[in-house]
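**Student:** Sequence:
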Amino acid sequence: MSSEVLEIKLPSKIRKKRTSIMQTHLKIPKFIFSLIVLLGLMHGAEAQEDKNLRRVCLSLAYNSANLQNTTISLAEVIEANSFKQPGRDNILNTPAFCRVTGVTDPAINFEVWLPLTEWNGKYNGVGNGGMAGVISYSAMAGALNRGYATASTDTGHDQSGGLFDASWASGRHDLIEDFGHRALHLTTLNAKAITEMFYTASPSFSYYTGCSKGGQMGLMEAQKYPDDFDGIIAGNPANDWTRFYAGAHLWYSKAMLEDQEAWIPRSKLPAFGSAVNAACDAIDGIQDGIIQNPLACNFEPASIQCPVGIDNNSCLTQKQVTAVEKIWSGVETPNGELIYPGLVPGGEADTGGWGRWVTGAEPFTSLHWLGGEGFFRWFVFDDPEWDFRTFDFDKDLEYALEKVGDAVDSNDPDLRHLRDNGSKLIVYHGWSDPDISPVASINYYESVINHIADDMRAPNYDTALSRTQNFFRLFMVPGMGHCSGGPGPDRFDALSALENWVENGIAPESLRAAKIEDGEVTRSRPLCAYPEVATYSGQGSTDEAENFYCAAPAN
1 MSSEVLEIKL
11 PSKIRKKRTS
21 IMQTHLKIPK
31 FIFSLIVLLG
41 LMHGAEAQED
51 KNLRRVCLSL
61 AYNSANLQNT
71 TISLAEVIEA
81 NSFKQPGRDN
91 ILNTPAFCRV
101 TGVTDPAINF
111 EVWLPLTEWN
121 GKYNGVGNGG
131 MAGVISYSAM
141 AGALNRGYAT
151 ASTDTGHDQS
161 GGLFDASWAS
171 GRHDLIEDFG
181 HRALHLTTLN
191 AKAITEMFYT
201 ASPSFSYYTG
211 CSKGGQMGLM
221 EAQKYPDDFD
231 GIIAGNPAND
241 WTRFYAGAHL
251 WYSKAMLEDQ
261 EAWIPRSKLP
271 AFGSAVNAAC
281 DAIDGIQDGI
291 IQNPLACNFE
301 PASIQCPVGI
311 DNNSCLTQKQ
321 VTAVEKIWSG
331 VETPNGELIY
341 PGLVPGGEAD
351 TGGWGRWVTG
361 AEPFTSLHWL
371 GGEGFFRWFV
381 FDDPEWDFRT
391 FDFDKDLEYA
401 LEKVGDAVDS
411 NDPDLRHLRD
421 NGSKLIVYHG
431 WSDPDISPVA
441 SINYYESVIN
451 HIADDMRAPN
461 YDTALSRTQN
471 FFRLFMVPGM
481 GHCSGGPGPD
491 RFDALSALEN
501 WVENGIAPES
511 LRAAKIEDGE
521 VTRSRPLCAY
531 PEVATYSGQG
541 STDEAENFYC
551 AAPAN
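Heads up: the sequence shown begins at 1 in my numbering, then just goes up one per residue.
There may be inaccurate statements among the hints.
[What the hints assert, rightly or not] DEER-style ranges, computed between Cβ atoms:
no.	residue 1	residue 2	range
1	S537	E325	32 to 42 Å
2	P86	D387	34 to 44 Å
3	P413	G309	49 to 59 Å
4	N313	S160	30 to 40 Å
[To be verified] Here are the simulated lysine to aspartate or glutamate pairs, EDC-like style, with alpha carbons at most 20 Å apart:
no.	residue 1	residue 2
5	K403	D392
6	K403	D383
7	K51	E118
8	K319	D227
9	K515	E544
10	K326	E258
11	K515	D490
12	K403	D174
13	K224	D420
14	K403	D420
Simulated from the structure, these hints should not be mistaken for laboratory data. Using N, Cα and C, we set each Cβ at its ideal position, and we do this for glycine too.
Build out the structure end to end from the sequences listed, making use of the hints.
**Tutor:** Structural data, given as C-alpha cells:
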C-alpha cells in the first residue's frame, strides 16, 4: 500500500471560513484519498442504481403480458419505514422497496416486494396461518430486511370474515385447490419472473419459510412442486390437513363439548399444567419447567381428579379427566386405525396454549372448535347447518378424504424429486404445540425414512435415516408452543442454517434457540436433528446452550 502524500488545496470559500486548526492545505496519504474517491464512486453508483430501479419499478405496472393469467394492479415505490399494513395502524420497519401487487385467475391476490438497494440476489417466499386469506406483511418485512426479494399470497380468497371462516369455499372446489397448493406455486412463478424483470437477473437461490398453515404449504411445495425452491422451512406443519381437522380440531371439541360438563375452564389450567410438570419435568435430569421428551411422560390425569362432591380450580372432575385422556390419546376409526395423534403433555398452563386452542374462554369458543366446524361445514359438506356432533369418524372421514384430501393434504412421503434436485427441507415442531400434534411431524418424518428404506435394495433403518438426513432434517423444539411461545426457548434462525446447507453443503446438526423476555436472552438451548436430543454435559448453567451436546435419547 502506497505511503505517498497528496496535498489538496481547499477551495477559497472554505479557506475564508477556516479556524486556527484548519490549514489552507490538507495533507493525507494517497491510499486514503483513493479510498475516499472509491467510496464516493460506490455511493454514486448505488444512488444511480436506486434511481434507475425506481423507474423500473413504476414500469412493472405495464408488464402483465409477461405473466400467464395474471394482472399487475399496482407498482409503486415505498420509502423506508413508511409502509402501513392495510387495516392496521402499525408501520413496518423496512428499507425502501418496490411494491408490486397483482392477481392471478380466478382470485389469487399476491404481493412482491423488491429492495431498491442491497438485494442479496435471492428470493424468499413466505407462508400464511389459519385459513390464510391475507397477505403476510410482517413475514415479508422480515425477508426484506434480510435483503431478499419476497412475496406472499392470500391463497385465493378473502379471510376478513374471521380466522377460521371457510364460507368462501362453498361450492368452489377451484378455490379449495388454490388454498391447498396452487396459489403458492403460481405466486412463486410470478414472483420470480417479476424479480427477474426488475433486476434483469433471476434469483441465485430461492427459499420458502412458513409455519402452521404455512408449514402445510411448504410441504405441498416439497411434494407437488419440488422445482420451485432450493430450500424449504416448514414449521409446525398442518400437513395431513383432512385427518388433522377430523382427529384434532373436531375430536378435541367433541371430547369437551358433546357433554359440556367435560369442558375445562381456563381457571383450571394452571393447576393442571403444574401437576404435569411436577411429574415429568425432571425426567431429563433437569428441573427447568420444560418437558424435553413428552412421550416419556406417564402422567395420569386421574391423579388430580377431584374428590367426590368437590369441584374447584385445583382439580379436574371425572368427566374433565376423561376429556384430557381423549385429547392425549387421539381418535381411532371403528377398525382401530389411528386417525390422528393426540396432543402430548406439556404447556397446558401457557396462556396462549390450551386456553386459546383447546378450551377457549367459554364453551364453543376454542380455535379447535371454530376450525373444525368451519372446515367440515364448508369444505366437505357445504351445509351451513351442519353440526359437529353428527360427524362419523368412519364414513364421514372417508368422504372428506375423497372430496378434498388431494387438494389440501401434504402427506406424500415420496420426496425423491426434491432430493434429486439437490433441494433441502427443514421441518421444526414445538413439543408443547396445543394445536397440531408434534407427533404428526415425527410420523411424517418416519414415513419418509420408510419410503427411502423401501426404495433401497437392502432396507436398513439407520442407513435410510442417514440418506434422508442428506436432504431432510427434523428439529423438535422442547417447550415451544404453536410456532412460538411456551415455556421453552422459541427463537432460532432456521433460514441461515438452511442457506448454509444449500449454498455451502453444511448440514445443520443443531440450531441454537433462545428464550427472550423483555428484550433479554434468559435461556438458550441447542435444538438437535431428530432423533438426537440436547443432553446436559453436567457442568455449567443449564440456561446456556454451550453446556449441552446432541446425542441419542437415553430412553
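**Student:** Hint by hint, note whether the structure agrees.
**Tutor:** Hints, verified against the model:
Range check, S537 to E325: Cβ separation about 37 Å, and the 32 to 42 Å hint holds. Evaluation of the 34 to 44 Å hint for P86 and D387 yields a pass: the beta carbon distance comes to about 36 Å. For the pair P413 and G309, the supplied restraint of 49 to 59 Å holds, since their beta-carbon distance comes to about 52 Å. Our hint of 30 to 40 Å for N313 and S160 holds, since their Cβ atoms are close to 37 Å apart.
Distance hint between K403 and D392 is fulfilled; the C-alpha atoms sit about 15 Å from each other, no more than 20 Å. Straight-line distance between C-alpha atoms of K403 and D383 comes to about 14 Å, which keeps the hinted pair within the 20 Å bound. Between the alpha carbons of K51 and E118 the distance comes to roughly 14 Å, so the proposed pair stays at or under 20 Å and holds. For the proposed pair K319 and D227, the alpha carbon gap of about 50 Å is over 20 Å, so the pair is violated.
Proximity of K515 to E544 is assessed by CA-CA distance (about 11 Å); at most 20 Å being required, the pair is judged to hold. A distance of roughly 13 Å separates the Cα atoms of K326 and E258; the hinted pair therefore holds under the 20 Å criterion. Taken as a hint, the K515 and D490 pair is honoured in the structure, with Cα atoms around 6 Å apart against an allowance of 20 Å. With a C-alpha separation of about 12 Å, the suggested pairing of K403 with D174 holds against the 20 Å cut-off.
With a CA separation close to 14 Å, the supplied pair K224 and D420 stays within the 20 Å bound. Taking the CA atoms of K403 and D420, the gap is near 31 Å; set against the 20 Å cutoff, the hint is violated.
Of the numbered hints listed earlier, those contradicted by the structure are 8, 14.
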